Amino acid sequence: MLDLDKASLSGASITGADLSWVDLSGIDLSGADLSGASIRVADLSGANLRGANLSGANLRGADLSGVDLAFADLSGASLRYAQMPMADLRFANLAGVDLNEVDLNGANLTFADLSGADLVWANLTGANLLFAHLDVVNGHYVDMGKANLAFADLTGADLFFANLDEAVLSGANLSFAFMPWADLTGADLFGANLTLADLSSADLIGANLHGTSLVWTGLSAANLFGVDFSGADLTRTYLSNADMRGADLSGASVGLNLLGADLRGADMRGADLSGVDFSGAYLIMQGMTKAHLGGWNLGSWVDMRWLDSNGVDLSVVDLSRMHLIRASLNRADLNGANVFETHLVGSNPFRVNLDGADLSGANLGYADFRGMDLSGMDLSGARLYHADLSGADLAGSDLTRADLTRADLTRTNLTGAIFGSAVFDGAVMCRDAYSPDYDGAIVVDC
Numbered sequence: 001m002l003d004l005d006k007a008s009l010s011g012a013s014i015t016g017a018d019l020s021w022v023d024l025s026g027i028d029l030s031g032a033d034l035s036g037a038s039i040r041v042a043d044l045s046g047a048n049l050r051g052a053n054l055s056g057a058n059l060r061g062a063d064l065s066g067v068d069l070a071f072a073d074l075s076g077a078s079l080r081y082a083q084m085p086m087a088d089l090r091f092a093n094l095a096g097v098d099l100n101e102v103d104l105n106g107a108n109l110t111f112a113d114l115s116g117a118d119l120v121w122a123n124l125t126g127a128n129l130l131f132a133h134l135d136v137v138n139g140h141y142v143d144m145g146k147a148n149l150a151f152a153d154l155t156g157a158d159l160f161f162a163n164l165d166e167a168v169l170s171g172a173n174l175s176f177a178f179m180p181w182a183d184l185t186g187a188d189l190f191g192a193n194l195t196l197a198d199l200s201s202a203d204l205i206g207a208n209l210h211g212t213s214l215v216w217t218g219l220s221a222a223n224l225f226g227v228d229f230s231g232a233d234l235t236r237t238y239l240s241n242a243d244m245r246g247a248d249l250s251g252a253s254v255g256l257n258l259l260g261a262d263l264r265g266a267d268m269r270g271a272d273l274s275g276v277d278f279s280g281a282y283l284i285m286q287g288m289t290k291a292h293l294g295g296w297n298l299g300s301w302v303d304m305r306w307l308d309s310n311g312v313d314l315s316v317v318d319l320s321r322m323h324l325i326r327a328s329l330n331r332a333d334l335n336g337a338n339v340f341e342t343h344l345v346g347s348n349p350f351r352v353n354l355d356g357a358d359l360s361g362a363n364l365g366y367a368d369f370r371g372m373d374l375s376g377m378d379l380s381g382a383r384l385y386h387a388d389l390s391g392a393d394l395a396g397s398d399l400t401r402a403d404l405t406r407a408d409l410t411r412t413n414l415t416g417a418i419f420g421s422a423v424f425d426g427a428v429m430c431r432d433a434y435s436p437d438y439d440g441a442i443v444v445d446c
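So for the sequence shown, our numbering puts the first residue at 1; every next one is plus one.
What the hints contain is simulated information worked out from the structure, not anything from laboratory work.
Values in this document were obtained by computation on a predicted structure and should not be read as measured data.
Just so it is clear, CB atoms sit at the ideal spot from N, CA and C, and this is done for glycine as well.
Among the hints, erroneous ones may be present.
[As the list claims (entries may be wrong)] Simulated DEER-style distance windows between Cβ atoms:
hint	residue 1	residue 2	range
1	Met-86	Ser-10	19 to 25 Å
2	Trp-21	Trp-181	37 to 43 Å
3	Tyr-141	Ser-13	37 to 43 Å
4	Val-444	Ala-395	19 to 25 Å
5	Ile-418	Ile-442	17 to 23 Å
6	Trp-121	Arg-236	31 to 37 Å
7	Cys-446	Ile-418	19 to 25 Å
8	Asp-432	Gly-396	15 to 21 Å
9	Phe-161	Gly-371	57 to 63 Å
10	Gly-391	Asp-425	18 to 24 Å
11	Tyr-141	Ser-10	34 to 40 Å
12	Gly-46	Asp-18	17 to 23 Å
13	Thr-415	Val-444	17 to 23 Å
14	Asp-425	Cys-446	18 to 24 Å
All chains should be modelled from the sequences, with the hints used to inform the complete structure.
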């Protein structure tokens with residue numbers, strides 16, 4: 001390698017020069033014009049190229065470790081395979097640059113313009129890209145783990161299989177970004193814009209999406225275990241077959257597709273879930289206190305065992321054939337809901353509004369209805385075995401073919417109730433309320 005004398009070349013014009021394999025380490029080329037120069041495999045480590053013009057230059061395989069390229073113009077240059085760890089590229093122009101397999105580990109790219117750059121297999125781990133422009137970059141397999149991309153512009157970026165684990169993307173614009181299979185585990189996306197982005201099959205375990213815009217975002221089959229969606233805008237978000245176990249959707253505004261999603265243990269307290277498609281979703285161990293679910297589309301095969309929906313609005317919701325085993329429905333609003341053949345075994349519907357709800361054929365075994373107003377309800381064919389109906393008002397209710405085996409009917413108001421072919425085997429009721437219609441019931445003094 002030719003060793004050039006280290007005299008200062010600051011401001012020099014070296015356009016089109018061939019400096020391939022030359023040792024330029026530590027040289028002062030600040031403000032120099034090296035446009036169109038060939039500097040392949042040259043050693044520029046520690047050099048001062050601040051404000052230099054390197055547009056269209058060929059820097060393939062060059063050693064630019066620790067180089068100062070702040071405010072430099074590298075537009076259209078080729079830096080493929082270059083070594084640039086810890087380089088200073090603040091405010092540098094890297095638009096359209098070939099950065100394929102470049103090592104920019106720990107580099108400072110604050111406010112740098114990398115729009116349209118080729119970053120395939122590039123290494124930007126720990127790099128500082130605060131406010132950088134990365135719109136429409138080609139970043140297949142790029143490594144940006146632990147990088148600072150806060151407020152960066154990644155509009156339309158192609159980040160297929162990119163590594164962004166523990167990266168800071170708060171306030172970043174990722175609208176229209178293409179990110180299938182990207183690794184965003186532990187990433188901070190607080191307040192980021194992911195509108196119309198594609199993150200299908202991406203890994204976001206433990207990511208922070210608090211206050212994030214996910215309007216029309218594709219997250220189908222994504223791993224969202226433990227993700228913080230609190231306060232996020234999930235309007236029209238696609239989450240089909242996503243794993244959302246332990247996710248926090250509290251206070252989120254949603255109108256999304258959760259077809260087949262795994263939501264076991266997710267916290268949905270206070271979320272607006274009206275119009276959501278939950279067909280085939282797993283909602284086991286949910287926390288949905290005070291959530292609004294009016295107009296839910298639960299389709300079929302939804303598993304909602306151990307659901308905690310205290311204070312939830314389930315009005316006009318189709319809950320037919322759902323599994324709500326051991327669910328807590330304290331103060332929930334089921335006004336006009338369809339609960340036909342729903343499994344509510346062991347559920348606690350304390351103070352639930354059931355006005356107009358269809359409970360025919362529902363499995364309500366072991367449910368706690370103490371003191372509830374069930375007057376005029378359609379409970380025909382309902383299974384109320386071992387249910388606690390003590391003090392409840394069943395006046396005028398239709399309990400035709402209902403199974404009340406071992407149910408507690410003490411102090412229950414049964415005035416005008418219809419019990420055609422109902423089963424009372426082992427049911428407990430007060431002596432003064434007993435009649436031959438309740439054959440099989442156990443009479444006690446109340």
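### Query
Quick check: which numbered hints come out false for this structure?
Going through the list in order, the structure violates no hint and respects every one.
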